[in-house]
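Participant: Spelled out, the chains give:
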Amino acid sequence: MRAIGTLAHRLAILVYIAFALFPLFWLVKVSVTPNDLLYSEGIRLWPSRTTFEHFRFVLAHSDFPLFFRNSLIVSLATAFAATTLAGFAGYALSRFAFRGKLTVSGLLLVTQMFPLVMLVAPIFKLLSPLGLTNSLTGLVVVYVAFNVPFACFLMQSFFDGIPRDLEEAAMIDGASRFGAFRQIILPLTLPGIAATVGFVFTAAWSEMIFALMLISSNEKATFPVGLLSFVSKFSVDFGQMMAAGVLALIPACLFFLLIQRYLVQGLTAGAVKG
Amino acid sequence: MTPAPRRPFLQRLGDRAEPWLYSAPALIVITAVMLVPLVVGISYAFRDVQILNPFSGGFVGLDHFRALAGDKAFRVALVNTFWWTVLTVLIQLLFGLILALLLDTPFRGRGIAQALVFLPWAVPTFLTGLNWAWLFNPTIGPLPHWLHALGLLAEPSNILSDPNLALWGPITAAVWWGIPFFAITLLAALQSIPSDLYEAAAIDGANPFQRFWSITLPFLAPVIAITVLLRTVWVANFTDLIIVMTGGGPADRTQTVASYIFTQAFKRLDFGYASAISLVLLFLLLAYALLILLLRQRLIDRDK
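Protein chains in written order, with the numbering used here: chain U, 1 to 274; chain C, 1001 to 1304.
Distance windows between CB atoms, simulated:
id	chain 1	residue 1	chain 2	residue 2	range
1	C	Val1039	U	Ser135	18 to 28 Å
2	C	Pro1222	U	Lys233	46 to 56 Å
3	C	Leu1013	U	Asp160	20 to 30 Å
No lab work stands behind these hints: they were computed from the structure.
On a predicted model such as this, the values are computed, not experimentally measured, just so you know.
We put the CB at the ideal spot given by N, CA and C, even for glycine.
The following block holds chain U by itself, in its conformation from the complex (with noise of 0.2 Å):
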């Protein structure tokens, strides 16, 4: 009886597993696939014969390694610059106690509730008389601010995390609350920071609506943006999009790496955030 519990358990999980890669096997599998034999072959688990051609075109051929760098300028910076935004805010609301600290935390949970879809047209105008749509600091602003209410709670939850008795000592030895925070606290937070970086970076490395909506050149498109153009041009070179598909999956799953130990804490500051 035990036995074929046990059996059940490893059996249902292998179900999830399977159910959680099949996509992304497809994904390669046909990234891989000839052309010729991509409409005889078309449900066969794996085909004959593979190709490394959709990958090569894609690389060498096509406007996706371009793509590739704007949506990587454009989520670093944003990664970095929402952190550290973040990390002196999350410090704000971990270690004083301030009237209003109520309010700006009220605020912060309200950015993260209304649907961020109705700001895409007073967006669109306000930046385009700044010279700030299709523009890549444009889109960073853009993220940065969508990002950093999310980011300040996570780093809230990591410096909540340190024992104030830390700075609190470094205070009395002579350091300055800034002088503290830089060389006692920040050094203890990395871990978390890296985290917050990880986080941030997925989240804009995956957004779409305002990159469709800011970005009108293929010069600036980022990768969402250039993907769903060359889907809607050419939509029957199926081995070379699911090529490029496979290279918006590699910085991700780098980062989700990065940020697994992490993921608890982070859905759980986020709440709302997907």
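Assemble the complex: chain U is given as a structure, and chain C must be docked to it using the hints.
Facilitator: Same frame as chain U, now just chain C:
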């Protein structure tokens, strides 16, 4: 007790200002990029703002809302939003809860299994949408053929172009992508249940089902409630998968209120009308939040 000596004014001012200095940069960015556009957007709802029309911009009062009242596509979107949100959240919760319970038992290789089943959460949503759209495509995807073989589809066709089934496409993708969220949250809650409770129950002869019913579920209930409430708002606002997979089609059968806003702003460039729909969505969400608060108050009052 003697009163503490008053410290110099500047020092007191400095102490007061310190937390604000730390949080000011973040607050300024949020105000400039989120709160100001929010207010501006609300004003657009009462103005004629069309990017392609340079003569637009005038005040139109409630015209957009009058148009909205007679807009059939909007009514369809309201109904779709309900089904999209309810089905997505409930299916995610069900499979997420089962996964969390499976992962709560220690076994060899649990770390790797956990990383693999949580991986979908890391996949960018635009890629999730495309990936599932390809799987549902009968030319290169296996799903139509499998569904046909199981007798669920009369012929191996693309459910994304079938008006009656299309909404299941984005729901499937959303479930695949969102199971990890529920599993992670619920797993954390499961692991915080004191193990001596289970030991005591086992000594008293409770079977696994009884233990689940009288220990696990009561402990999980508040976490489930909060997660579901917050997730409902998030899923209702979540448009990426719908925009990528169906674009709201066929014939608006997968259009939700949030994706309708995007369609109006992005494809028609009618910012005024898009903002009017946004305002309605905001009111619906506020009403939902209020309902939840009232319900919570009711429950608290009843417990007293």
